[in-house]
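Heads up: the sequence lines are chains A and B, in that order. This note's numbering puts the first residue of the first sequence at 97, with every later residue one more than the last. This note's numbering puts the first residue of the second sequence at 97, with every later residue one more than the last.
There's no promise every hint is true.
For identical chains, the list gives no copy identity; a pair is met inside one copy or between any two copies.
As the list claims (entries may be wrong) - The calculated DSSO-like cross-link candidates involving lysine-lysine, where the alpha carbons are at most 30 Å apart (straight line), are:
{"#": "1", "residue 1": "K232", "residue 2": "K166"}
{"#": "2", "residue 1": "K293", "residue 2": "K166"}
{"#": "3", "residue 1": "K187", "residue 2": "K149"}
{"#": "4", "residue 1": "K122", "residue 2": "K293"}
{"#": "5", "residue 1": "K187", "residue 2": "K122"}
{"#": "6", "residue 1": "K118", "residue 2": "K149"}
Honestly, the hints are just simulated from the structure, not real lab data. Note that the structure is a prediction, hence the values are computed from the model and not measured.
There are 2 protein chains.
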Amino acid sequence: METAVPAPAPEFITSLQNSRIKLLVKLRDRRPRDAARIFLVEGYRQIRRALDKSIPLLELYFCRECFLGKNEDALLEEARAAGAELIELSKPAFEKVAYRERPDGLLAVAPQWRRRLSNLALSESPFVLVVEGIEKPGNLGTILRSADAAGCDAVIVCDPVTDIFNPNVVRASTGVLFSVPLVVAESREVAAWLRAKGIRTAATTPHSEQLYSQADLRGPIALIMGSEQYGLSDFWLQESDLTLRIPMAGQADSLNVAMATLVTLFEAVRQRGL
Amino acid sequence: METAVPAPAPEFITSLQNSRIKLLVKLRDRRPRDAARIFLVEGYRQIRRALDKSIPLLELYFCRECFLGKNEDALLEEARAAGAELIELSKPAFEKVAYRERPDGLLAVAPQWRRRLSNLALSESPFVLVVEGIEKPGNLGTILRSADAAGCDAVIVCDPVTDIFNPNVVRASTGVLFSVPLVVAESREVAAWLRAKGIRTAATTPHSEQLYSQADLRGPIALIMGSEQYGLSDFWLQESDLTLRIPMAGQADSLNVAMATLVTLFEAVRQRGL
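Just chain A, with the same shape it has in the complex (with noise of 0.2 Å):
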């Protein structure tokens, strides 16, 4: 893009005591991320994608020595010209604040958000995805990336263990993050708001006797699934309209809650002829 005049040479940082390289460390926890209502975005696709969807980025550090691909100019440049400033590190800066094992030179800060069920926009027959205490960010970007595959509505995030802006989450979402509409809310309220819209609850469980395929999961559905640990909670059994049950052939946990909610996804996709 080519600007009349020329934008300023990037800051260079290449002290490991600097007062930036330290806050970008300590936004890997959630109290100095939520107090400053920002959050880390590391890596070319999760920033790609960020972009995309319009998300204000504030700033955007790199370390060209990191970088892996050929578009890395590009994108900083879009980065800048949508308002972020642009900061340089020094390899060992960037290695200090990156949280990837291979890192590819490449970490923006963004505002949190914050979305309601009020503001979540359905489609005519709702296709939702409800989660109830997942402990993992990892576990929580790779069920971001299914709802996405699936073409959920929303997914709906219930008293959730690890928080939405984990570096984590980011990351093993790929940046689908920015793109589904993610509600964080209490299960109570959501239940509540379910009930109202005429959506049913279908609640995958060990414990069910009905198989997830002899289902009906077509017309307005919210597919419920429980924590890591603990499963799901007493409230959503009782609250659910049916259970499921994954058929098991091998070892007991040999499908993780991502795992069980994928499956559980596409079976619904498939019954509703997506």
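Given chain A, put chain B in place with the hints provided.
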């Protein structure tokens, strides 16, 4: 378990320079692993499953300070009774040999094995998974879990970039590596073997026109999945009796190879009426 003669106290290693410690660190790499025909099995769940499948553990390193549960001592005793040498490590020594971020104080050394196509015991209507050129150990481990849950007769790994004894395969498989019949072989050999056994081949590729849920996956069948980066080779695309496509609502790459494998496997399970 009671023994007439008390077992000798395990060796106790504190020095990070100890030759055993150095060897354990080396075993993270494929070359020394293959040269010695051994591999690492870290973690309670993984070692538990190795014992359940009568894998003859050679050595079991442990660190009481790192234990997370209450059953570790019983596990140690069971491993010793089965012939494993027990070696106790100081916490610094254990942290040096552990490859997990949060080690649980258990790390075993087991002998590698090699199974051939001719060793596979197939059911009357074989259900086989073939994966080609998988690069990431985490994906291969997850694929093994999926195949276990789906009740596959066998997993055949063609031309892998990662080896099946990589520590991250063992970890991501949660020890299913020890129970799923698994063969590593060349694609041409595998294709010939499948034909000779009368097993149809169904390749999943985004370029297929047939929806995976509309293809007939009953009867003797092998599902064929490609690599992360390149997808299926021309060889398998031409060799396969049918091709399948998973519908994708969101980002093109929302499902990685492990997720696509899981979805395809469970559609086959549904049709086959497990």
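Identical-chain pair category, K187 with K122, by Cα at 30 Å: Answer is both: 19 Å inside a copy and 27 Å across each meet the 30 Å cutoff.
Status of K149 relative to K187 across identical chains (alpha carbons, at most 30 Å): within (29 Å within a copy, 47 Å between copies)
First find the shortest C-alpha distance between K122 and K293 inside one copy, then the shortest across copies, and answer within, between, both or neither for a cut-off of 30 Å. neither (41 Å within a copy, 58 Å between copies)
Checking an output row: K232 and K166, CA cutoff 30 Å. Within, between, both or neither? For K232 and K166, the Cα distance is within 30 Å only across copies (23 Å; inside one copy 33 Å).
Is the C-alpha distance from K293 to K166 at most 30 Å within one copy, between copies, in both cases, or in neither? Neither, since 47 Å and 47 Å both go past 30 Å.
Treating 30 Å as the Cα threshold, decide for K118 and K149: within, between, both or neither. within (28 Å within a copy, 49 Å between copies)
In the structure shown, a violation is registered for the earlier hints numbered 2 and 4, in ascending order.
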